[in-house]
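Number of protein chains: 2
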Amino acid sequence: MIGIFDSGIGGLTVVKALMEYLPGYDIIYFGDTARTPYGTKSSETVKKYALENTEFLLSKGAKVIVIACNTASSVAMESVAENFDVPIFEVITPAVELSINTSHKLCIGIIGTRATVKSGIYEKKIKELNPQAKVYSRACPLLVPLVEEGWLKKPETNMIVKKYLHPLKVRQIDTLILGCTHYPLLKNIIQKKMGKKVNIIDSSIAVANNVKAFLEKHKNLDNMLSKKGRCRFFVSDVTEQFEKTATSMLKRKINLEHVSSG
Amino acid sequence: MIGIFDSGIGGLTVVKALMEYLPGYDIIYFGDTARTPYGTKSSETVKKYALENTEFLLSKGAKVIVIACNTASSVAMESVAENFDVPIFEVITPAVELSINTSHKLCIGIIGTRATVKSGIYEKKIKELNPQAKVYSRACPLLVPLVEEGWLKKPETNMIVKKYLHPLKVRQIDTLILGCTHYPLLKNIIQKKMGKKVNIIDSSIAVANNVKAFLEKHKNLDNMLSKKGRCRFFVSDVTEQFEKTATSMLKRKINLEHVSSG
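Note that the protein sequences, when read in sequence, are chains G and C.
Position 145 of the first sequence, counted from 1, bears residue number 145 in this note's numbering, the numbering being contiguous throughout.
Position 54 of the second sequence, counted from 1, bears residue number 54 in this note's numbering, the numbering being contiguous throughout.
Same shape as in the complex, but just chain G (with noise of 0.2 Å):
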């Protein structure tokens, strides 16, 4: 089983891209919905709830996990990393390749929570793979609770976007990192934003080609995971909210499992 958690329903985003790109693999979700959000927290607090989550994913059969989370990526991987004995993958490291192999310029941009961009992890391992690179990053931490609120197409959220991508904009960056998992979500505006040549990336899908890749390289470990395409949805807190944003984003009915946090 692949476990993936997320600190509410973001990382959803990601579970819709695994099962395109790893069709029938079995998943089993965790959405940390009783503390969501993560984003606006301290990373002692964020490294805590990420350990938890783990723990829980791992006790219900999980064999590999995927951190679903831009800002757990950030600040707790190295923790989870050294805590625990399975393959590990965050959403930083795919997205940070993938914009390096494709960026012409090498300017490149970062949107993301305030915990994710203050974490400055982006800037630090783009740096790593190519030290020319010029990196510009940004916290939007109100595009958060307007995808949570579906206010999708709203001219007061396309002028909260406009107002946080003008300083990207004005850097000439020709590569942007969508830096959490909810802003695919407004990949349309983004995009329109920013114009047709900037190349948008978006970690959800980057990540799932990791791990397929991962998984062709080591049969060992894919010949152990079960692909009955069963998909398990935990959450710590049961709303109304969840279960309709979740339905509309992977267009199929779900069954959420309450469980409590921590």
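The set of hints was computed from the structure by calculation and includes no laboratory data.
All values reported here derive from a predicted model rather than from experimental measurement.
C-beta: ideal position from N, C-alpha, C; glycine also.
Each hint should be verified, as a subset may be incorrect.
As the list claims (entries may be wrong) - To give a feel for the contact side, a few chain C residues facing chain G, derived at Cβ under 10 Å:
1) A34
2) G61
3) K154
4) P155
5) K163
6) E240
7) K244
8) H258
To be verified - A few chain C residues facing chain G, derived, Cβ under 8 Å:
9) T40
10) K41
11) R138
12) P145
13) L152
14) E156
15) M159
16) I160
17) D237
For chain G, the structure is supplied; the task is to place chain C on it using the hints.
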């Protein structure tokens, strides 16, 4: 000591009002910043959090509890009152009483989080006091993140407030209850949008008045409360953002003490 809890920072508007109406009383505040916000979560989860928070404040010596969060007041007041044998105040009843006593047309609007509005508590309490009253309520889920971002005067905030309030303006309400402790920080633009004739009721002031009246009646309890003017501020997650906003709200430097939630 007067114990106050909130999901995060909003309850500091109540602390400020208590400092004004009951100067010198010792106050202990708990902001559940590791699990904030409550307004988008289910009532079961909010109840669990409210019981834990009350227990924490009592363990620190609180003799009176103020639930300074509309969402927790809406869904958890009864559970808290059943489980603990101390005077419990919440922010709903004082605002409801004030609205009934001051509204001429008895045409009252309420704005709050999704959870507060869904609970129907304001409508129920208003109708209990006066079945003739007309009540219109509106969930405004984006106002909390906008306040927490400090976007108090941005045009986008103005537009979003306008959109949320429009249906209430059409109803020609003469009184508007700010059913969330974050909203007093947006009072100016709310008043501007609704017009000068609409009476805006700030529940933080209403509850401070009620606590004061209660203590004047219950001299025994009043004598038990320490009046050395000490204030302690506990949070379940320490972030720069909280410290910054809290300092500007209370106009004094505050020392945050960290404690695990749950």
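Cross-check of the supplied hints:
{"no.": "1", "hint": "A34", "verdict": "holds (5 Å)"}
{"no.": "2", "hint": "G61", "verdict": "violated (26 Å)"}
{"no.": "3", "hint": "K154", "verdict": "holds (8 Å)"}
{"no.": "4", "hint": "P155", "verdict": "holds (8 Å)"}
{"no.": "5", "hint": "K163", "verdict": "holds (7 Å)"}
{"no.": "6", "hint": "E240", "verdict": "holds (9 Å)"}
{"no.": "7", "hint": "K244", "verdict": "violated (12 Å)"}
{"no.": "8", "hint": "H258", "verdict": "holds (9 Å)"}
{"no.": "9", "hint": "T40", "verdict": "holds (7 Å)"}
{"no.": "10", "hint": "K41", "verdict": "holds (5 Å)"}
{"no.": "11", "hint": "R138", "verdict": "violated (14 Å)"}
{"no.": "12", "hint": "P145", "verdict": "holds (4 Å)"}
{"no.": "13", "hint": "L152", "verdict": "violated (13 Å)"}
{"no.": "14", "hint": "E156", "verdict": "holds (5 Å)"}
{"no.": "15", "hint": "M159", "verdict": "holds (5 Å)"}
{"no.": "16", "hint": "I160", "verdict": "holds (5 Å)"}
{"no.": "17", "hint": "D237", "verdict": "holds (5 Å)"}
Of the numbered hints listed earlier, those contradicted by the structure are 2, 7, 11 and 13.
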